[in-house]
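Letter by letter, the chains look like this.
Number of protein chains: 2
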Amino acid sequence: MHSEIHVNNPRLYSFRAGSTGLWRIRSLAAVRGEPLPTAPRLDHREGDGSEAPDATAVWTLRGVTSNERYVTNEEKGNLVAVQEGLGRPAALCAALIPIRKSAAWWTLTQEQRREIFETQSHHTHIGLKYLPAIARRLHHCRDLATAEPFDFLTWFEYRPDDEPAFDDLLAALRATPEWTYVEREVDIRLER
Amino acid sequence: MHSEIHVNNPRLYSFRAGSTGLWRIRSLAAVRGEPLPTAPRLDHREGDGSEAPDATAVWTLRGVTSNERYVTNEEKGNLVAVQEGLGRPAALCAALIPIRKSAAWWTLTQEQRREIFETQSHHTHIGLKYLPAIARRLHHCRDLATAEPFDFLTWFEYRPDDEPAFDDLLAALRATPEWTYVEREVDIRLER
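Protein chains in written order, with this note's numbering: chain W, 1 to 192; chain R, 193 to 384.
Among these hints, one or two may not hold up.
Partial pick of chain R residues on the chain W-facing surface, computed with a CB cut under 8 Å [stated by the list, open to error]:
1. Thr264
2. Ala282
3. His332
4. Asp335
Per the computed footprint, the stretches of chain R lying under chain W, defined by three or more beta-carbons under 8 Å from a beta-carbon of chain W, are [said to hold, decoys possible]:
5. 250-262
6. 292-302
7. 337-351
Rather than coming from a laboratory, the hints here were simulated on the basis of the structure.
Treat the numbers as computed from the prediction; the structure is a model and nothing was measured.
Note that CB positions come from ideal geometry on N, CA and C, so glycine has one too.
Here chain W stands alone, though its shape is the one from the complex (with noise of 0.2 Å):
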C-alpha cells in the first residue's frame, strides 16, 4: 500500500483568525458580498498553519504565491526596482483583503483578463505610485484541491503614517472597470 504522505507546498502561506497570532485585528469589514467572522487576533505564516493548532479559531484561509500573471517584462522592472519586502521593522501595520472574483472574469482569455486589468484599469501603475511605502504579497487560492471562499488573498504592510495612502490605493483600484468583476471583498486591518 503507498502511504499518501502530503508535504506543503513550500509557496502555501496560511491566515487564520482566533485568539492568537502576532497580528491583532482592528477592524474587519465585507466591502462586497458576505462578511466574515471577526475575532482577537491574526495568525499569518508559511505551511498550512496545521504546526500551531489554534482550538478557538473562526477561520483559516489559505494560498500559494505564484508566477506572474498580467505584469509585462517592463512593469515587473519597475517594480522590482522600488518594491520593498515584508518584515520591515517599521512596518507595524498590515491589511489582508480576501477577493473572489465573478464566473465572467475566469471565462475571459488571458488576452480579454489583461485588457482589463492593465489597459483599462492601470492596476500595476496603480500599485506602483505607493511603492516602497506599501509593501504587498499576493497569494492564489482558486487552483487549490480544496473549494475556497476566495480567489485571492493580498496580505500588504506599512507603517501607520502610510494608512491614509493605502486607502487612497484600495479606493483608486475599487474604482476601477477591474473591480466590476469583484464579487465579494472582505477588508482586514490589523497591528502588531
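Use these hints to put chain R onto chain W, whose structure you have.
Just chain R now, with coordinates in the frame of chain W:
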C-alpha cells in the same frame, strides 16, 4: 472550535495507478527525468480519489482544471468550434502525460511565456491540427497546497486508429522551443 470541513474543488480530478480503475495501463515511460512506478490499471475520476480507495495504489496524481492561460480569443474560438469532449464511446485509448517545467520557465513573465508557447512553438496551432480526433483536458498541479511532482497533467482520449496521429502530435510538441523548459515528462498509454 471551528471544524475544518474540506470540500473538494469542483474542478479537481485524480489519477491513481493501482489494481483498480477503468483504464488498463499499456505502457509507462519516462520521456525526461525520473519515471513513475507502473501498475496494472489507472483510476481517473472527479475529486481526490478518496471515495474509492485502492490499497494497492502506487501513486496518485491530482490537478484542477482552470482558466485559460495562453490562448487568444480567436484561438479559443477555433478550438471550441472543432474540439470534442471526453467520454466518446469510440475513444478506447487514452494517455496521461504529466509534465514539470523548470524554474526558469516560471520566472518568465506572462508575455515571455506566451511568446515561447505560441509565437515560437505554435503550441495551440499544433494541437488544433489534431482536432477533433484527439480530445484533451489540462489539469494544473503547481498551485495546489501540497508539493506536487508535476506542474500539469494532460489527459487525452482517441480512437485506436488515431494513435499514430497522437504520436505525431507529441513529437511535434517535443521538438518545440517550449519543450526545452520541460524538465520531467512521463508518457502513460491506456486502453479500456
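Results for each hint:
1. Hint status for Thr264 of chain R relative to chain W: holds, with the closest Cβ pair at about 5 Å, below 8 Å.
2. At its closest, the beta carbon of Ala282 of chain R sits 30 Å from a beta carbon of chain W; the interface hint therefore is violated under the 8 Å criterion.
3. Here the hint on His332 of chain R is kept, as its CB sits about 6 Å from the closest CB of chain W, short of 8 Å.
4. A least Cβ separation of about 5 Å between Asp335 of chain R and chain W falls short of the 8 Å threshold, and the interface hint therefore holds.
5. Remark: the segment 250-262 of chain R is confirmed as covered by chain W, as 10 of its residues place a Cβ nearer than 8 Å to a Cβ of that chain, reaching the required three.
6. Proximity of the segment 292-302 of chain R to chain W, defined as three or more residues with a beta carbon under 8 Å from a beta carbon of that chain, is established by the 5 residues found.
7. Here the segment 337-351 of chain R counts 4 residues with a CB under 8 Å from a CB of chain W, which clears the bar of 3, and the coverage holds.
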